[in-house]
Amino acid sequence: MIYIYGIIDSNGQIDESVYGLEGSNVYNIPYCDIGAVVSEVNQPIRRVTESVVLEHEAVAEKLMENFTVLPVRLLTVLDKRENVLSMMDDYYGDFKDNMDRLRGKVEFGVKVIWPADKVKSRIINAYRTRNQNVHVSDDSVERKFIRDKLKEHKIDKAFKEKADRCINAIDIFLGKFAEAKKLETLRTENLLLSAVYLVRKDNQNNFKEAFEHIRTARDDLKYLFSGPWPPYHFVIVPRKSQPSGDSGHTVTADKVILQPTPMGADKA
Amino acid sequence: MTMNSVVETDSAEVFVEEMEKLQEALPRRIDANPENVEKGLAKLVLTLVELIRKLLEKQAMRRVEAGSLSDDQIERVGQTLMKLENKMKELKQIFGLKDEELNLNLGPLGDLM
Amino acid sequence: MDSVITKSKNVTLLEILDRVLDKGVVISGDIVISVADVDLIYLGLKVLLSSVETMERLRDGPLVGPMQEST
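Protein chains in written order, with the working numbering: chain A, 1 to 268; chain B, 1001 to 1113; chain C, 2001 to 2071.
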């Protein structure tokens, strides 16, 4: 069985010895002017363990050094070489487009945590100050309900607006050195920003410098910076509805479920 | 095999905490056995009802804020929203569902609510 | 000292998982054996992958399976 790590813009051999899952030798299966970087595994890998994740990622990063690599999702296993070639045939156009777009670029991740509770308190206090003179005593139950809901709504709105302003201040710096970006706001109340930036390899240092500048500018925020990664978030490959070619034998893939190991075995 | 990417942060624990919260928000697959099917369906239906209710509330608040409702209308909207909220509380109790359970993760689109 | 290292490692793992589980090139179709059009749900650091049948078997066994619905 063939485990796929990534697609590269080369049909040549991979020069040095690279090892993948189960200590297997990693090599390139060429197709036209690109190739699928794979290794052979004895059975379909079904358990997602720490070593599988790290070994998979290590290969992708090794490839990033010398090629443009489209990292492939974890646990992609095909039966035989012919299947890999037929897959490459199916996806060739998409792969080429991605190569052109992502050549010489890497991904960086930036996450920011802010003190959501403090921000909310400040907003609530400001609201109270502004609404001190509101007459409340003779309101009906319904009016009171609406008033409370409205207060909640206004606070929520102010909270989101503050978040947007904060993020904008950060993104203005980082975005300058990025070719593309994806920003996620308030994935949790405290996780103000979860962003990925696509940066040219030759612009990496400028980007890092911009981040350092932001990090020191404010001390009430907590930052996480990661990278350089292969461009996972910027690969665009449309799903194909048809299975490609003749796979030789039908293998029904199991429904796959990822479960956390329960913290205590007696959790029931 | 060494890795080149670095993950730099001065507050690892805080980030781990937040990132793990993201997982708790994801729906777990529900076993399709009889006892759970009912609860699973209730969860789905109530999630959608809750979405509509919240959208209605939000819309109402926007209009109250904009001052485009008369006093009488405000009273009636208040009444309706109150009833909806209480009904939902009842239903959640009947099916033993918590607020956090009534959400759907839409993958790349984020959470429903 | 130990916990600091563990936590840092966790953050790295989380960052990687955030990427490898469902980003990058997603190949779908019958030819994919391990993973085929599956909505991989990212559920944590210690992840256990099992087929539905395996899960059924685990549930009936003495070991506590990963997913226990309260009955």
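Please keep in mind that the hints were generated in silico from the structure rather than gathered at the bench.
We put the beta carbon where it would ideally sit given N, CA and C, even for glycine.
Treat the hints with caution; some may be incorrect.
[As the list claims (entries may be wrong)] List of simulated lysine-lysine pairs, DSS-like, C-alpha gap at most 25 Å:
#1 B:Lys1039 / A:Lys149
#2 A:Lys144 / B:Lys1092
#3 A:Lys162 / B:Lys1021
#4 B:Lys1054 / A:Lys176
#5 A:Lys144 / A:Lys120
#6 A:Lys176 / A:Lys144
#7 A:Lys176 / A:Lys120
#8 A:Lys144 / B:Lys1083
[Unchecked claim] Looking from chain A toward chain B, a few residues come up when the C-beta cut is under 8 Å (computed):
#9 Glu61
#10 Gly93
#11 Lys96
#12 Met99
#13 Arg103
#14 Ile146
#15 His153
#16 Ala180
#17 Leu183
#18 Arg187
#19 Thr188
#20 Asn190
#21 Thr216
#22 Arg218
#23 Asp220
Now the hints, each set against the structure:
1. B:Lys1039 / A:Lys149: violated (30 Å)
2. A:Lys144 / B:Lys1092: holds (24 Å)
3. A:Lys162 / B:Lys1021: holds (22 Å)
4. B:Lys1054 / A:Lys176: violated (38 Å)
5. A:Lys144 / A:Lys120: holds (22 Å)
6. A:Lys176 / A:Lys144: Violated, because 48 Å separates the two Cα atoms, which is more than 25 Å.
7. A:Lys176 / A:Lys120: With Cα atoms ~30 Å apart, Lys176 (chain A) and Lys120 (chain A) exceed 25 Å; violated.
8. A:Lys144 / B:Lys1083: Judged against 25 Å, a Cα distance of about 14 Å means the pair holds.
9. Glu61: holds (5 Å)
10. Gly93: At 22 Å from the nearest chain B Cβ, Gly93 (chain A) fails the 8 Å test, so the hint is violated.
11. Lys96: Because about 24 Å separates Lys96 (chain A) from the closest Cβ in chain B, which is outside the 8 Å limit, the hint is violated.
12. Met99: violated (21 Å)
13. Arg103: violated (18 Å)
14. Ile146: holds (4 Å)
15. His153: holds (4 Å)
16. Ala180: violated (16 Å)
17. Leu183: violated (12 Å)
18. Arg187: holds (6 Å)
19. Thr188: At 5 Å from the nearest chain B Cβ, Thr188 (chain A) passes the 8 Å test, so the hint holds.
20. Asn190: With a closest approach of 5 Å, the Asn190 (chain A) hint holds.
21. Thr216: violated (11 Å)
22. Arg218: violated (13 Å)
23. Asp220: Violated: closest Cβ of chain B sits about 12 Å from Asp220 (chain A), beyond 8 Å.
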